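Student: Chain residues, written in single-letter form:
Number of protein chains: 2
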Amino acid sequence: MKILENMSVTDVSGFQAVGIHCGIKKNGKKDLCILYSKKPAVAAAALTTNTVKAAPLQVNIEHLKSDTTQAIVINSGNANACTGASGLQDAKEMANITAEALGLSPQQVMVSSTGIIGVPMPMHVIIPGIKAACEMLDSGNGSSAAEAIMTTDSFLKQITVEITLDNQPVRISGFAKGSGMVHPNMATMLSFVVTNANISKSMLSTALKESVSDSYNMISVDGDTSTNDMVIALANGTAKNTIIDVENENYTLFKQALDYVNTELAKLIAKDGEGATKFIEVSLHNACTKKDAKLCAKSVISSNLVKSAFFGADANWGRIMCALGYSGGAFSPDSVDVFFKNDKGTLQLVQDSAGLPFDEDLAKKILDESYVNIVINLKDGQYSATAWGCDLSYEYVKINGAYRT
Amino acid sequence: MKILENMSVTDVSGFQAVGIHCGIKKNGKKDLCILYSKKPAVAAAALTTNTVKAAPLQVNIEHLKSDTTQAIVINSGNANACTGASGLQDAKEMANITAEALGLSPQQVMVSSTGIIGVPMPMHVIIPGIKAACEMLDSGNGSSAAEAIMTTDSFLKQITVEITLDNQPVRISGFAKGSGMVHPNMATMLSFVVTNANISKSMLSTALKESVSDSYNMISVDGDTSTNDMVIALANGTAKNTIIDVENENYTLFKQALDYVNTELAKLIAKDGEGATKFIEVSLHNACTKKDAKLCAKSVISSNLVKSAFFGADANWGRIMCALGYSGGAFSPDSVDVFFKNDKGTLQLVQDSAGLPFDEDLAKKILDESYVNIVINLKDGQYSATAWGCDLSYEYVKINGAYRT
Numbered sequence: 057m058k059i060l061e062n063m064s065v066t067d068v069s070g071f072q073a074v075g076i077h078c079g080i081k082k083n084g085k086k087d088l089c090i091l092y093s094k095k096p097a098v099a100a101a102a103l104t105t106n107t108v109k110a111a112p113l114q115v116n117i118e119h120l121k122s123d124t125t126q127a128i129v130i131n132s133g134n135a136n137a138c139t140g141a142s143g144l145q146d147a148k149e150m151a152n153i154t155a156e157a158l159g160l161s162p163q164q165v166m167v168s169s170t171g172i173i174g175v176p177m178p179m180h181v182i183i184p185g186i187k188a189a190c191e192m193l194d195s196g197n198g199s200s201a202a203e204a205i206m207t208t209d210s211f212l213k214q215i216t217v218e219i220t221l222d223n224q225p226v227r228i229s230g231f232a233k234g235s236g237m238v239h240p241n242m243a244t245m246l247s248f249v250v251t252n253a254n255i256s257k258s259m260l261s262t263a264l265k266e267s268v269s270d271s272y273n274m275i276s277v278d279g280d281t282s283t284n285d286m287v288i289a290l291a292n293g294t295a296k297n298t299i300i301d302v303e304n305e306n307y308t309l310f311k312q313a314l315d316y317v318n319t320e321l322a323k324l325i326a327k328d329g330e331g332a333t334k335f336i337e338v339s340l341h342n343a344c345t346k347k348d349a350k351l352c353a354k355s356v357i358s359s360n361l362v363k364s365a366f367f368g369a370d371a372n373w374g375r376i377m378c379a380l381g382y383s384g385g386a387f388s389p390d391s392v393d394v395f396f397k398n399d400k401g402t403l404q405l406v407q408d409s410a411g412l413p414f415d416e417d418l419a420k421k422i423l424d425e426s427y428v429n430i431v432i433n434l435k436d437g438q439y440s441a442t443a444w445g446c447d448l449s450y451e452y453v454k455i456n457g458a459y460r461t
Numbered sequence: 057m058k059i060l061e062n063m064s065v066t067d068v069s070g071f072q073a074v075g076i077h078c079g080i081k082k083n084g085k086k087d088l089c090i091l092y093s094k095k096p097a098v099a100a101a102a103l104t105t106n107t108v109k110a111a112p113l114q115v116n117i118e119h120l121k122s123d124t125t126q127a128i129v130i131n132s133g134n135a136n137a138c139t140g141a142s143g144l145q146d147a148k149e150m151a152n153i154t155a156e157a158l159g160l161s162p163q164q165v166m167v168s169s170t171g172i173i174g175v176p177m178p179m180h181v182i183i184p185g186i187k188a189a190c191e192m193l194d195s196g197n198g199s200s201a202a203e204a205i206m207t208t209d210s211f212l213k214q215i216t217v218e219i220t221l222d223n224q225p226v227r228i229s230g231f232a233k234g235s236g237m238v239h240p241n242m243a244t245m246l247s248f249v250v251t252n253a254n255i256s257k258s259m260l261s262t263a264l265k266e267s268v269s270d271s272y273n274m275i276s277v278d279g280d281t282s283t284n285d286m287v288i289a290l291a292n293g294t295a296k297n298t299i300i301d302v303e304n305e306n307y308t309l310f311k312q313a314l315d316y317v318n319t320e321l322a323k324l325i326a327k328d329g330e331g332a333t334k335f336i337e338v339s340l341h342n343a344c345t346k347k348d349a350k351l352c353a354k355s356v357i358s359s360n361l362v363k364s365a366f367f368g369a370d371a372n373w374g375r376i377m378c379a380l381g382y383s384g385g386a387f388s389p390d391s392v393d394v395f396f397k398n399d400k401g402t403l404q405l406v407q408d409s410a411g412l413p414f415d416e417d418l419a420k421k422i423l424d425e426s427y428v429n430i431v432i433n434l435k436d437g438q439y440s441a442t443a444w445g446c447d448l449s450y451e452y453v454k455i456n457g458a459y460r461t
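Protein sequence lines correspond, in order, to chains W and H. Under our numbering, think of the first position of the first sequence as 57, with each following residue one higher. Under our numbering, think of the first position of the second sequence as 57, with each following residue one higher.
Keep in mind that the hints were calculated from the coordinates and are not lab data. Each hint should be verified, as a subset may be incorrect.
Given that identical chains are not distinguished, each listed pair holds provided it fits within a single copy or across any two copies.
[As the list claims (entries may be wrong)] Listed below are the simulated EDC-like cross-link pairs for lysine to aspartate or glutamate, each with C-alpha atoms no more than 20 Å apart in a straight line:
hint	residue 1	residue 2
1	K400	D417
2	K109	D393
3	K109	D390
4	K148	D390
5	K109	D408
6	K109	D436
7	K148	E118
Because the structure is a prediction, the values reported are computed rather than measured.
Could you put the whole structure together from the sequences, leaning on the hints where they help?
Tutor: Below, the structure written as structure tokens:
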């Protein structure tokens with residue numbers, strides 16, 4: 057697998073995109089984008105598990121039933137969530153306008169929104185915006201689309217890789233936004249992945265489902281699952297490899313590349329969590345089951361006390377033991393080892409669930425870095441899991457405690 | 057039911073107590089207490105669900121099997137958690153020394169600790185401390201015991217009530233500590249309730265189990281469940297009411313009084329959550345089941361985004377909808393009403409899951425108060441639940457991000 061630098065979704069054959077400012081955001085930044093496949097593509101999606109689903113998600117649940125998908129229309133600045141029947145109508149209208157402009161059926165268009173909850177969509181700027189954007193679609197604009205879904209993300213999040221299937225170059229490229237917040241309720245995780253691989257809708261859906269559970273579902277910024285979270289993958293088959301419709305060797309190669317793309321995007325989201333000063337990776341080893349490994353790793357990365365300790369560069373391993381203990385994951389409570397690791401060194405703090413005397417200076421050196429790897433060995437079984445997150449800083453509280461004006 | 061002001065556990069007939077400074081805390085504050093029943097009492101306990109259980113909890117699981125209990129020895133300043141085999145030995149030693157000094161069997165003594173995780177117990181000060189404290193036991197010292205379990209709690213937490221059973225005055229008195237933190241890992245919820253009611257061990261245990269699930273289990277400060285959480289109830293039967301050994305009318309009266317004591321102590325803990333500037337009460341109405349009601353209420357009170365918004369006096373109802381949605385509780389997502397309430401007024405922000413235009417000035421007035429009631433009406437069924445918590449402030453991060461020195 058090759059990683060292609062400085063490329064975007066429009067470097068995958070058959071895909072076009074564009075991002076523009078249509079007027080949803082008051083600061084003049086891009087707030088609307090269209091992602092388009094010239095050839096009918098198959099789509100798979102993972103939508104938020106939140107019971108309160110934003111209007112676009114309700115539309116996509118229907119449109120996913122279509123055999124083919126050719127476009128995704130995405131806006132930032134307004135989540136179109138908790139907006140009632142008119143909000144649902146607006147989301148459908150976004151699909152309709154896009155379909156009309158591109159000569160598609162509405163069912164071939166997916167809709168995505170991120171922004172404030174509970175505010176009606178400014179359709180008077182969105183409708184002309186969609187029409188204008190569809191006119192501007194081309195094959196060199198992927199980054200402008202990635203830019204248009206950013207809210208307070210501090211950097212662009214996109215990645216492109218290439219694999220070879222049946223001697224055909226196959227590319228997978230994705231872009232995402234993380235949960236930055238300036239305006240209340242703008243937290244949402246959105247990710248869009250496209251590929252020219254020739255793969256059936258059902259296999260793409262299988263691959264995405266598994267991939268999401270090990271990537272986006274293993275990050276936490278603040279434990280609050282958005283009403284708008286969405287990952288969509290499009291495969292247009294222009295790569296001419298023999299269609300992947302069973303779990304064969306090509307499927308495995310494709311899945312590995314897809315996992316890489318999703319995991320890298322997920323890590324970028326965790327790194328850019330609001331107020332984050334540190335990127336934390338939890339490597340959980342030797343659990344009895346995959347489920348136990350994931351529960352334990354996710355619990356540690358989600359703990360406010362662990363996150364606060366890392367913000368304070370505090371070698372506070374007791375909080376890690378505590379978070380493991382309430383994770384719901386099964387493990388032997390008397391045999392846990394805990395280490396902190398990065399390029400400053402490796403430090404063991406806990407052996408068999410009891411504290412070891414440790415070098416406080418080395419601990420401080422490791423914890424003062426912007427990346428820290430918490431390595432946990434349960435010594436119970438063979439299953440491992442990795443989770444990613446960030447620390448809990450004053451800035452997080454400041455950003456999210458701002459009075460809405 | 058009468059609420060008795062300025063009384064403590066030693067105002068319940070047959071109970072003695074004392075709190076002293078034995079030297080675990082370096083600041084000279086009280087750090088050890090003994091609670092003693094002159095007559096063999098029956099005990100019930102609720103212990104942390106954390107898989108990583110501190111040594112005293114492992115001892116109590118055994119000692120709870122004893123038909124009678126007469127003493128509880130409690131220290132603050134060291135949690136005796138993640139201290140291995142020697143920690144377990146130290147906890148047993150604390151029970152043995154107490155039993156010896158009071159002429160009891162070790163099985164009649166419960167042990168409780170709160171403080172830093174992973175540090176060996178300073179038995180050289182604890183052993184003489186226990187002996188000295190047992191000498192000083194008397195019937196006017198309840199408040200000194202309550203003081204001795206405080207860590208960074210900003211106020212003493214105790215309450216006493218009286219009911220009449222079979223024309224006999226029956227008292228229930230309890231004291232508790234909340235999760236204040238100055239030194240890393242000192243967060244723990246401890247609560248001790250004594251009564252002179254004549255009640256069987258099994259009925260006391262039934263009553264406590266139910267009572268805990270609606271009181272202590274419905275508060276959240278930071279979502280981190282301690283390794284040391286413990287609630288113990290002792291009933292010594294000196295009130296001379298006919299023994300309560302079935303769910304009769306006396307049981308109901310006793311249970312109501314016990315619920316009141318536990319709920320008030322739980323609310324005091326939430327009010328005193330670390331860094332808290334606001335006490336938040338979530339009243340969840342008309343869920344389909346009690347479980348759904350509790351899951352929804354607990355999810356809202358535990359959300360970092362909701363807590364941050366309240367710190368910032370931000371009428372951010374979208375985060376409340378979001379937290380309801382990922383709570384795991386079932387509800388109709390399109391019929392939720394949300395109100396903010398306190399002595400400044402009542403403000404409806406959401407009707408049928410959609411935002412209402414609201415008076416931002418009134419919202420600010422309500423949210424600037426130190427108490428805010430979030431009222432949520434699911435309009436699904438007849439079940440209600442209440443949860444209590446606090447806001448998420450800079451101070452929380454500051455307290456918990458402090459480097460350990």
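Student: Confirm or reject each hint.
Tutor: Results for each hint:
For the homomeric pair K400 and D417, the shortest alpha-carbon distance inside one copy (11 Å) is at most 20 Å, but the shortest distance between copies (52 Å) is not. Proximity of K109 and D393 under a CA criterion of 20 Å is satisfied inter-copy only: 16 Å between copies versus 40 Å inside one chain copy. In this homomeric assembly, K109 and D390 come within 20 Å of each other (Cα to Cα) only across copies, at 10 Å, whereas the closest approach inside a single copy is 42 Å. In this assembly of identical chains, K148 and D390 lie within 20 Å of each other by CA distance solely across copies; the values are 18 Å between and 55 Å within a copy.
In this assembly of identical chains, K109 and D408 lie within 20 Å of each other by CA distance solely across copies; the values are 14 Å between and 44 Å within a copy. Taking identical chains as interchangeable, the C-alpha atoms of K109 and D436 lie at most 20 Å apart only when they sit on different chains, with a minimum of 18 Å there against 39 Å within one chain. Only within a single protomer do K148 and E118 lie at most 20 Å apart by alpha-carbon distance; the minimum there is 11 Å, versus 62 Å between protomers.
In summary, this structure violates none of the numbered hints.
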